[in-house]
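Asker: Generate the whole structure from the sequences, applying the supplied hints.
Chains A and B, in that order, are what the protein sequence lines are.
Start counting the first sequence at 1; every next residue gets the next number (our numbering).
Start counting the second sequence at 1001; every next residue gets the next number (our numbering).
Simulated from the structure, these hints should not be mistaken for lab results.
Do not take every clue at face value.
[Said to hold, decoys possible] Heads up, simulated EDC-like pairs for lysine to aspartate or glutamate below, C-alpha to C-alpha not over 20 Å straight-line:
#1 A/LYS78 <-> B/GLU1107
#2 A/LYS78 <-> A/ASP42
#3 B/LYS1078 <-> A/ASP105
#4 A/LYS416 <-> A/GLU388
This structure is a prediction, so every number in the text was calculated from the model and none was measured.
There are 2 protein chains.
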Amino acid sequence: MSTTRPSATEPETAPEEVERLLARAAAAAPSWGRFTPAARADTLTAVADALDARTGELVPPAAAETGYTTGRLTGEIKRTTVQLRMFADRVRSGAYLDVTIDRADPEFVLGPRPELRRHQVPIGPVVVFAAGNFPFAFSVAGTDTASALAAGCPVILKTHPGHPRTSAATAAIVHEALAEAGAPEGVFAMITGRQAGVTVLRDARISAAAFTGSVRGGRALFDIAAARPTPIPFYGELGSINPVVVTEEALAERAEEIASGFVASFTLGTGQFCTKPGVLLLPRDADTAQTVEVIARAAGEVAAAPMLSADIATGYGYRLAEITAAAGTDVLVKGAVSTDDGGVPQVSPSLVRVASVAQLRAAAAVLLEECFGPAALVVPYDTEEEVEDLLADLDGALTVSIHTSREASGAPGGDKYRRLVELAQQRAGRVVFNAWPTGVAVTHAQNHGGPYPAATSAHTSVGTGAVWRFLRPVVFQDAPDDLLPPALRESNPLRVPRTIDGQSERLPATATES
Amino acid sequence: MSTTRPSATEPETAPEEVERLLARAAAAAPSWGRFTPAARADTLTAVADALDARTGELVPPAAAETGYTTGRLTGEIKRTTVQLRMFADRVRSGAYLDVTIDRADPEFVLGPRPELRRHQVPIGPVVVFAAGNFPFAFSVAGTDTASALAAGCPVILKTHPGHPRTSAATAAIVHEALAEAGAPEGVFAMITGRQAGVTVLRDARISAAAFTGSVRGGRALFDIAAARPTPIPFYGELGSINPVVVTEEALAERAEEIASGFVASFTLGTGQFCTKPGVLLLPRDADTAQTVEVIARAAGEVAAAPMLSADIATGYGYRLAEITAAAGTDVLVKGAVSTDDGGVPQVSPSLVRVASVAQLRAAAAVLLEECFGPAALVVPYDTEEEVEDLLADLDGALTVSIHTSREASGAPGGDKYRRLVELAQQRAGRVVFNAWPTGVAVTHAQNHGGPYPAATSAHTSVGTGAVWRFLRPVVFQDAPDDLLPPALRESNPLRVPRTIDGQSERLPATATES
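Answerer: Below you can see the structure in the form of structure tokens.
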């Protein structure tokens, strides 16, 4: 497909317009916050319905702007609407309010204790910085927007410059659906341009920020958020090396499967996934050379595919040159770069062997930093301790993956890998077994985050837990019942789940509305 | 009581010793994190038992160093041990692990979904900066230390220079109790001196910080935490004006009670409470002058009492001079300052009237900033809208208190005060009715925090919720059961509460261990 890619600079939303949108978001916050859980859930569902119904309008601009296939883009829109519906369900159930009541206790050991009733309230208007590599799931109506709206916060969305037409088309659908569903006018706004984004991030009316992107860009914005007169939380997902450890048993059992799985995972979406496995650690034994050869052959057979933009391809080229210049590296597959007549850079995968874990660690600043694109390292290790020590010193990662034996029916050697698993847990937000890190399920238990720089907070940005980023607790002490917010009234008119004196309240069956 | 107060500078813990304590804390983190909930709860309980048993050793140095009465100090130690036991109970129940399991779903709408099992893990070693005004409850073994230990994090405690002997005595008891209970050696350490505190805060082995104190000091430390190569969360509780709104009905009903309650609250502990009510807003009517007179008379009758240190008394004096110099202010009670032969500054309360809400707002930078000490403002208001607009623009506060009619049996006038309550909720972490903000119950539902500068995060620092500050989620994907942490195993050997596929699991009755 021949396309013309936009440049990475977009027109800036005019300062007066930015001011107007900020004022509107601030004005909308109280009324959007007062929506009942059911009404807010209905509104989110309306947005999901509209995006589903109009998927056909969204795919062509996205395909042209990202180079992704129609299949990938259709699937990503589906993921986006599933995500919106999941947040809608979460909101409808009232669980996100975390209603907690402690009855008054005149006999409390420290003296008479008042009645306390706590719920969660929206933190206030949020600025969301869209990602470039997921033009739907982490962009205009993606997980950050969905979770902030679910929490009751207006959103000002700063577009990613890589897909302006896709962003505008999505925003138009979101706007229309919100208006039809009766949401206040300022609940959602879109801005473009770097300066407009910074202006909004600095504005006193903004209460939180969410971001998915590079370490450099994310850290610059994080620093701005932290330096404000009133600092605000900056929920960033920045970068991750996502190491994969293959145990001896796993390699003995399924070397070919591991080789092909690894190649499929690190080249998925032309390697432009934050969960791309960047380093494969293989036990060094008689067959390692052969396994590496299988991986190299598979990588060499992957066709060139478009990258998101010329800028990203250029950055990828620099990183790759840096990596291959490091001592102890050996290029097994040298990816080709070509440019089609529309100016789109097409890249085929690269595979680099590092001689040893010691060499990998010696050049950690180059080799253990994220490389955004279809390249990966293969590193033979000599002892398990070596891998454990490597993990212990690793920067925070979104994922660590471990391949163990599948045959031992859930018993991969007792305590042998316990330290490895504990270290993986210390350095990552998700520990994956016998699978690949690309693909992040949208569920309650999901955690997409990890120690810095994987994330700048302890919160997940995917799954229902993402809503907590945009809420804060407020407790009412001895309040007259009719002055309480509805979720906290004794009669529980919203029928939300409650914890009373430390115990979950049993609601009658009719209370289950989700 | 004649005492000699220490100067506000302490000897610095030597750099080599700081390094040794950091290394020890880092080394202790994994094993302390692996303690079962029950074992960790027992350890916390042992610390509480030791502090209860040795209260008699702690009161005399604390009385000498703070000027607080024996009654106050004994009560505060009790509060500290109740707090430790509450965290122990919370840990023992396993609720803090928030175990969440999503079963694999081969039919999931977005494609086959793996099994995900999430729990919370300790964030890592924590530096706690002790407060000066609560030498036990917010100091060495206070809420920050207790909640970090409960979460499984080693603590390095930076003492407050105001009570060095009290700190050392408390730390000795904590050390001994932890060692006897079998906690690893580096789980708790105490350091002294400003530079040592900053060194620890900057150290890569530290994963979070907690602080209670002034806006200036807290913000300086917040900025250091945010500027680290790896930024860490800084949980600060900085300052709050804690406004109190008295409605017409309340004043008509119980003017005398409100007057005496206000004076008792703002002079409690010589006004050295972060929840001190700094501003009383009274409806202006025929009787207001008389009510103000009653308040002034009550304030004038409060005896001089010692402040925590000469430095604090000096700072208080400056703030008071600044306040009384503001336009529209009128000193109703001018507190006396005296110094006893031990050099302890004794202060009697001051009361300042501000002519109107407009005058209050005109000098907001002076009048609506916390004044640490026994002074308060009384401000007549002309309309409810005026009060609402004032609240809407207020800096974040720990509390907003509202006095309504008690007689109308919970119906204080329908919608009349709804906007006021909503604005209070927007600007504060706790909304108090018909009572005073001093006194923070230690319970599940409590929230001690609020928008900046009341707090630097959305988390409470008091009550069981405080433990969340020191945890982060990790999810296991398709893990072999015997490689899972015990809390996540299918058989639930720790018998912790679990949410499975979005529903609370019903545990058999024997599972309730708390």
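Asker: Each hint: holds or not?
Answerer: Against the structure, the hints come out as follows:
In summary, the hint linking A/LYS78 to B/GLU1107 is supported, as the alpha carbons are separated by about 15 Å, within the 20 Å threshold. The straight-line distance between the Cα atoms of A/LYS78 and A/ASP42 is roughly 18 Å, inside the 20 Å bound, and the hint therefore holds. For the hint pairing B/LYS1078 with A/ASP105, the CA-to-CA distance comes to about 17 Å; that is within 20 Å, so the pair holds. Proximity of A/LYS416 to A/GLU388 is assessed by CA-CA distance (about 12 Å); at most 20 Å being required, the pair is judged to hold.
The structure meets every hint from the earlier list without exception.
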